[in-house]
Each structure stands twice: as C-alpha cells, then as structure tokens.
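Student: Chain residues, written in single-letter form:
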Amino acid sequence: MNDLSQIEKELRKLRPARPSPILFERIEEAMIDCRAVASPAIKPERLRYNRLSLGFGLAAAAVLVLFAAVKMERQESGKEIAQTSREPEAAPLLNRAQKSTSTDKFVPAGATRLVYNTRDEGLQFASRSGQPLRRMRYQTHETWQWRNPTTGASLRVSYPSEEVVLIPVSGQ
Amino acid sequence: MQNLVSHEDWKSCFSEVAPGLLLFARQWVQSAADAEDVVQEAFVKFWRRNHKIENRALLYAAVRSIALDFIRRDSRRARREATAVRDTDEFSEPQFEFEDDTQRALAEAIDFLPCEQREVLVMKIWNELTFAEIAGALGISQNTAASRYRYALAALRNTLQPQ
Numbered sequence: 001m002n003d004l005s006q007i008e009k010e011l012r013k014l015r016p017a018r019p020s021p022i023l024f025e026r027i028e029e030a031m032i033d034c035r036a037v038a039s040p041a042i043k044p045e046r047l048r049y050n051r052l053s054l055g056f057g058l059a060a061a062a063v064l065v066l067f068a069a070v071k072m073e074r075q076e077s078g079k080e081i082a083q084t085s086r087e088p089e090a091a092p093l094l095n096r097a098q099k100s101t102s103t104d105k106f107v108p109a110g111a112t113r114l115v116y117n118t119r120d121e122g123l124q125f126a127s128r129s130g131q132p133l134r135r136m137r138y139q140t141h142e143t144w145q146w147r148n149p150t151t152g153a154s155l156r157v158s159y160p161s162e163e164v165v166l167i168p169v170s171g172q
Numbered sequence: 173m174q175n176l177v178s179h180e181d182w183k184s185c186f187s188e189v190a191p192g193l194l195l196f197a198r199q200w201v202q203s204a205a206d207a208e209d210v211v212q213e214a215f216v217k218f219w220r221r222n223h224k225i226e227n228r229a230l231l232y233a234a235v236r237s238i239a240l241d242f243i244r245r246d247s248r249r250a251r252r253e254a255t256a257v258r259d260t261d262e263f264s265e266p267q268f269e270f271e272d273d274t275q276r277a278l279a280e281a282i283d284f285l286p287c288e289q290r291e292v293l294v295m296k297i298w299n300e301l302t303f304a305e306i307a308g309a310l311g312i313s314q315n316t317a318a319s320r321y322r323y324a325l326a327a328l329r330n331t332l333q334p335q
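Protein chains in written order, with our numbering: chain A, 1 to 172; chain B, 173 to 335.
For the record, the hints were derived by calculation from the structure and aren't laboratory data. Some hints here could point you the wrong way.
Capping the alpha-carbon separation at 20 Å, the derived lysine to any residue pairs in SDA-like fashion look like this [stated by the list, open to error]:
hint, chain 1, residue 1, chain 2, residue 2
1, B, K217, A, R26
2, B, K224, B, E300
3, B, K217, A, I32
Example chain B residues on the side facing chain A (calculated, C-beta under 7 Å, incomplete) [claimed, not checked]:
hint, residue
4, A190
5, L194
6, L195
7, V216
8, Q275
9, I297
10, W298
11, T302
Now the in silico label distances, taken between C-beta atoms and shown as ranges [unchecked claim]:
hint, chain 1, residue 1, chain 2, residue 2, range
12, B, R244, A, S20, 20 to 28 Å
13, A, Q124, B, A304, 48 to 56 Å
14, B, A318, A, S20, 27 to 35 Å
15, B, S313, A, F125, 46 to 54 Å
16, B, R244, A, R137, 43 to 51 Å
Beta carbons are placed, not taken as given, at the ideal position from N, Cα and C, and that holds for glycine.
Using the sequences and the hints given, assemble the complete structure.
Tutor: The following block contains the structure:
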C-alpha cells in the first residue's frame with residue numbers, strides 16, 4: 001500500500017454496514033404519513049382559510065367589544081342619556097321612560113354587543129388604494145341598559161345590528 | 173432523470189444510498205440507531221420536497237444538517253454516551269462489514285481521521301460523488317474537497333504503514 005491509489009482500492013473493498021430492516025419499515029410508515037398529509041391538496045388551503053377567517057372574526061369581535069366598552073365609558077362620564085344619540089331607537093324610549101317615572105335622569109348601566117355571525121365576503125380593492133381589503137360582515141345583537149338611581153327604574157333596549165368592516169390585508 | 177416522488181419503488185433507491193448515508197451520519201452520532209434516525213429524517217424530507225434522486229449532494233447536505241441539529245438537540249445525551257463508551261470500552265456497533273484483519277485495521281484508521289477529511293472520504297468512496305458534488309454538499313471549493321480527500325488517503329496510508 002505504498003501509493004494512494006492502492007489505499008483507495010482497499011477502501012473500496014470495505015463495505016459499509018447495512019441498515020436494519022426496521023429502518024425500511026419506519027421510512028415506509030413515514031412515507032405513508034407524508035402521502036396522507038399531502039394528498040388532499042385543497043384541504044390545507046381550506047384549513048388555513050378557515051383559521052384566517054376565525055382569526056379575523058375573533059379580532060373583529062375583540063375590537064367591537066373594546067369599542068362598546070369605550071363607548072360605555074364615555075356615556076358614564078357624561079351621565080347624560082342624550083349622549084347615546086348614536087342609537088336613535090333608544091332616545092324615544094328613554095324620553096318616555098323619563099316622563100313616566102321621574103324627572104331624575106337615567107344613567108347608563110350596561111351595554112352588551114353579541115356577535116352571533118361573522119361572514120367573510122372576500123377581498124376588495126379600494127378605489128384609491130392598491131392595497132386589498134378584506135370585507136367582513138358582522139351580525140350582532142346589542143343591548144343597552146339605563147337605570148334611574150333615584151327610583152331604581154331601569155330601561156333596556158335590544159336590537160339587531162349589522163356591520164361591515166374592511167380590514168387591510170398585507171401581502172407576505 | 174428520475175424523480176424520487178414519482179418513483180414507486182423508493183426502497184431500491186434507498187437500498188443503494190442507505191449504507192453510505194448511514195456511514196456518513198455515524199460521523200456525528202454515536203450509535204447506529206441514532207444514525208438511522210438521522211438518515212430516515214433526511215431521506216423522508218428529501219422525498220417530500222420532490223428532489224431528484226440523482227441529486228445526492230443535496231441528500232448528503234440534508235443528512236449533515238439534520239445530524240448537526242441532532243447533536244445540538246441532544247448534546248448532553250451524546251456527551252454522556254461518549255463518556256460511557258470511553259469508560260467501559262464497550263463494544264461499539266461496527267460501521268463496516270469486515271472480511272479480514274486488514275480491513276478491520278483500515279476501518280479503525282478511518283475513525284481517527286479528522287472530521288472534515290472523513291466526510292469527504294465517505295462521500296467519495298462509498299457514494300461515488302464527484303468533487304463538485306462534495307463541494308456543493310459541504311459548501312467548500314472543489315479544490316478543498318480534493319485536497320481533503322488526498323490528505324485522508326495519505327493519513328490512512330501512514331497509519332497502516334508507519335515509516
């Protein structure tokens with residue numbers, strides 16, 4: 001074995017140890033698992049889409065709850081029922097309640113906004129912006145409550161509501 | 173060019189490359205079982221990504237990468253095992269099938285090669301990769317791959333035939 005080609009020849013005679021038969025079985029199982037995951041090609045996309053919708057839905061619901069909370073806080077600070085003028089349906093009812101019970105003012109006592117349906121209406125492009133927007137439609141049920149601290153009388157208004165939110169979509 | 177994904181009999185492909193891949197993986201992991209884990213992960217990953225079976229350099233790069241990850245992940249256990257093997261001088265699973273004492277001595281000498289020489293040697297001798305492929309798999313130049321190979325051969329020659 002004086003020269004390098006001789007040692008090379010000797011090395012080539014040396015056979016590496018064979019893999020265990022179990023390895024073949026393990027790889028076969030892994031291949032089957034891969035195929036099972038890979039074969040329904042649309043499924044992962046759909047899954048991702050659903051997750052995305054769910055994510056948007058939850059985020060939007062959180063924003064709505066936050067919005068309701070902030071609005072409630074504003075109403076409390078004003079202590080004037082007239083400040084809830086955003087909901088025109090509530091005003092006549094309130095006035096009636098005020099007249100019928102007491103001259104004291106009603107104060108806001110609570111507000112809930114239940115999102116019972118979220119629908120993803122797809123992407124759209126705003127007229128001036130090139131950025132796509134996802135159009136989400138939320139169907140909610142809102143309940144507002146007022147209470148007269150003097151008489152203990154309360155007033156509750158519930159109504160269905162629908163809101164469309166455009167959420168900017170950032171590309172990846 | 174044969175695509176591994178469309179190849180129904182992946183077993184025949186794997187039978188060809190497996191011994192060399194295992195030998196390559198054994199460079200970083202202590203036991204044959206760990207080497208098989210590494211090779212399995214690399215081969216399945218390679219298959220899933222639709223790579224061509226001829227692209228062995230990529231397969232080797234995958235084995236190397238996964239083996240290095242394995243070491244990082246399991247370094248504590250690897251150290252403990254290495255210490256145990258050193259302390260007890262236990263029988264370690266052979267990496268080659270010996271026919272005589274010369275071959276046994278040669279196999280032992282391979283274990284003493286520096287890591288960077290051994291990996292080139294394994295890819296060149298037992299998988300017949302070109303220096304260009306080896307260079308691609310290891311991220312080195314062809315000249316470096318060739319010189320590491322020559323150094324490995326020279327080191328083995330010197331070990332087996334001391335001056």
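Student: Run every hint past the structure and note whether it holds.
Tutor: A quick look at each hint next to the structure:
For the given pair, K217 (chain B) sits about 14 Å from R26 (chain A) by alpha-carbon distance, which is consistent with the 20 Å threshold. As the CA atoms of K224 (chain B) and E300 (chain B) are separated by approximately 17 Å, the hinted pair is consistent with the 20 Å bound. For the hint linking K217 (chain B) to I32 (chain A), the alpha-carbon distance of about 13 Å falls within 20 Å, and the restraint holds. At a threshold of 7 Å, the smallest CB-CB gap from A190 (chain B) to chain A is about 5 Å, leaving the interface hint in force.
Interface restraint check for L194 (chain B): the shortest CB-CB distance to chain A comes to about 6 Å, inside 7 Å, so the restraint holds. Against a cut-off of 7 Å between C-beta atoms, the interface hint on L195 (chain B) holds, since the closest Cβ of chain A lies about 4 Å away. Below 7 Å, beta-carbon pairs count as interface contacts, and V216 (chain B) has one with chain A at about 4 Å; its hint therefore holds. Against a cut-off of 7 Å between C-beta atoms, the interface hint on Q275 (chain B) holds, since the closest Cβ of chain A lies about 5 Å away.
Interface hint at I297 (chain B): satisfied, since its Cβ lies 5 Å from the closest Cβ of chain A, which is below the 7 Å cut-off. For W298 (chain B), the shortest C-beta to C-beta distance to chain A is roughly 6 Å, which falls under 7 Å, so the interface hint holds. A least Cβ separation of about 15 Å between T302 (chain B) and chain A goes past the 7 Å threshold, and the interface hint is therefore violated. A beta carbon spacing of about 25 Å between R244 (chain B) and S20 (chain A) agrees with the range 20 to 28 Å that was offered as a hint.
With their beta carbons about 52 Å apart, Q124 (chain A) and A304 (chain B) fall inside the hinted range of 48 to 56 Å. About 34 Å separates the C-beta atoms of A318 (chain B) and S20 (chain A), a value consistent with the hinted range of 27 to 35 Å. A hinted range of 46 to 54 Å holds for the C-beta pair S313 (chain B) and F125 (chain A), which are about 51 Å apart. Judged by the Cβ atoms, the range 43 to 51 Å given for R244 (chain B) and R137 (chain A) holds: they are separated by roughly 49 Å.
Figure legend: structure checked against the earlier numbered hints; the only hint not met is number 11.
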